[in-house]
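What follows is the residue order along each chain.
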Amino acid sequence: MATLTSGPRQIRYELDGPAEGPVWVLVNGLTQYIKIWEPFREALAGKGFRVATFDLLGQGNSDKPSLFIEMDDQVSVLRDIVAELGQGPVFLGGISFGAVIALRYAITHSDKITGLAPMSAFAELSPQLLMLGQALRAGLILGGTSYLQDLLFPMNVSDAYITERLDKLADAKRKGWLVNDLYALQNLMESFLDFEPFTAQLPAIRVPTMILNGEFDFLTPRKLHDSLRTHIPDSALVIVPRVYHAFTLEKPALTADLLARFAEDVMAGRWQGKGSVLIAPEEPGGEIIPFPAGYDHLRALPLQPKAPAGVHASIDALRGPL
Amino acid sequence: MPWLECDSRRIHYELAGPPSGPAYVLVNGLTQYVRLWHPFRDALVAKGFQVASFDMLGQGQSDKPSLFIHQDDQVAVLGRLIDKLGDRPIFVAGISFGGVVALRYAIDHGDRIAGLVPMSSFAEIPAQLFMFGSALRTALVLGGTAFLQDLLFPMNFSGEWLHSMQHLIDLARHRGWLANDVYALQNLMESFLEFEPLTEQLPAIRVPTMILTGEYDFLTPRPLQESLRANIPDSALVIIPRAYHAFTLEKPVLTAYLATRFAEDVMAGRWRGNGTIWVAPENVGGELVPFPEGFDHMRAIPVRTQAPELAPQQKATAS
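Going down the list, the sequences are from chains A and B.
The first sequence begins at 1 in the working numbering and counts up one residue at a time.
The second sequence begins at 1 in the working numbering and counts up one residue at a time.
Keep in mind that a hint or two might mislead.
Listed below are several chain B residues computed to face chain A (Cβ distance under 10 Å; list not exhaustive) [to be verified]:
{"id": "1", "residue": "TYR13"}
{"id": "2", "residue": "GLY159"}
{"id": "3", "residue": "TRP177"}
{"id": "4", "residue": "ALA179"}
{"id": "5", "residue": "PRO223"}
{"id": "6", "residue": "SER227"}
{"id": "7", "residue": "ILE239"}
Keep in mind that the hints were calculated from the coordinates and are not lab data.
Just so it is clear, the structure is predicted and the values come from calculations on it, not from any experiment.
Glycine is no exception: its CB is placed at the ideal position from the N, C-alpha and C atoms.
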């Protein structure tokens, strides 16, 4: 594990995988820390990538200023990390909170990276996300890290995932308390609630961009990802089946595979974003398919925007119960 | 203002519409009170229904025992109100928490009612919902009614609604504090966290049942609605487009329209549940359409249901 100096502050980071390989830089979500990316390090290093992970200001082993962290400070930390990585191809991925930092970096530093993968991301706060964010902050103040985690678990992962790990939740929570400082976390959240939308700046992102969004993510729902898709020129939206907001935790092998394939496509000159909407496979190595033509990708129902002529008559004939 | 005596407790209820003919009984969600049904009630009354609504024990103007409310007590109150309405077609509709009370009543007293409408309801509490429920209870304990509401608003409504109602949200909060007692509310929640699954008893519900769920409801998501559909014999599942958990508040007139059509179909002998799945119209007067055939109704993307696996020799023949 290494340390770098960003302004007056110390940032803990880790580099794994072949030193000469193309790099993936992964940016943490709110309550995360370096170790959480372990399955990604293994999977991506196995495919020849170098992987850079780090604790944001306030997280894990990095400095924890207890007041006045700004989002800009985190973007500067990311800039300093990327500067450590040499001249080869650099791909940048981030989840949730970390995706916002990655997006903001890409807006001003497109020339420094080869590709971008925002996951569970947003460039503006919907009324729902703003209210949930404020309630989560109040949750942290009223009940500490433990209660914030209690709120985040059922929002972040699927029922099946929780059910399988009921006996491990206490341990996961304890680790979270260890690495998260209450005030630093509060400041991290604070830096997001002063959020200025940056949708209008997204067209400045000039690199290939794969936007990943969980099928059942309600914290950062599809509409927010669609806004990224429509504003980032060379982007595609890939919906990850059956998962919620924190799919990097729930499906690390699948997500790492998607990242590796994206980077390989970009480096081979095969990537064509074209604002397309795609559906990821359920397992690593599976086929990425186009979202079914003629269906509205913003809906949670298989609905066609306009019913073709003649359908109404047959529906009337089908009318039974109601 | 009419009152029911239920054991030693006083229950506040409201009746509107013609005192004969069919009736609808509406059962509140957790932080609700009679007044919140008014737009829904008025739409049903306009269609000739008498509408009964009431504050549960602990809610609004009903007695607020500060300890040891049981779900059974709420079911008993609902029973008392239904008895008061006499011998006529009675439909029961309940939202969320109130949907569970309605389901429990229908399991034991299906003969007393003509039809059932569970809305954003559930018969079991899987791990995710249990964690939400526990976290919401903790919210109430830590931050009072105000913090509970701050969490419930973004979980219950669409972004569009929250945006357009911004000016009313403070008023709604204020009214919620007025009508809700912290300890009574805590007890209401407590009575749910000791939840025994009802799934196995659902086949005892013998009345026509229309299960309503919001397209984007993540608090009581589609797998929970599917369990009701699969276990209640004469049921149909109707998905309300663009709706979240609290669609009786966000889309009261549309929901009342669906409830009216259901009751009219049942009374005319036209209702056939058959475990069918429908998509509700977006507007009053629109048609219900069958859920697109061949697609998986549990998914939030258009996914084809799996064709049955062919045996190897069939595969060979097919190719």
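Evaluated hints:
1. TYR13: violated (29 Å)
2. GLY159: holds (4 Å)
3. TRP177: The hint is violated - B/TRP177 has no Cβ within 10 Å of chain A, the shortest such distance being about 16 Å.
4. ALA179: violated (21 Å)
5. PRO223: Because about 7 Å separates B/PRO223 from the closest Cβ in chain A, which is inside the 10 Å limit, the hint holds.
6. SER227: Check failed: Cβ of B/SER227 comes no nearer than 12 Å to chain A, outside 10 Å.
7. ILE239: For B/ILE239, the interface hint holds, since the closest Cβ of chain A sits about 6 Å away, which is under 10 Å.
In the structure shown, a violation is registered for the earlier hints numbered 1, 3, 4, 6, in ascending order.
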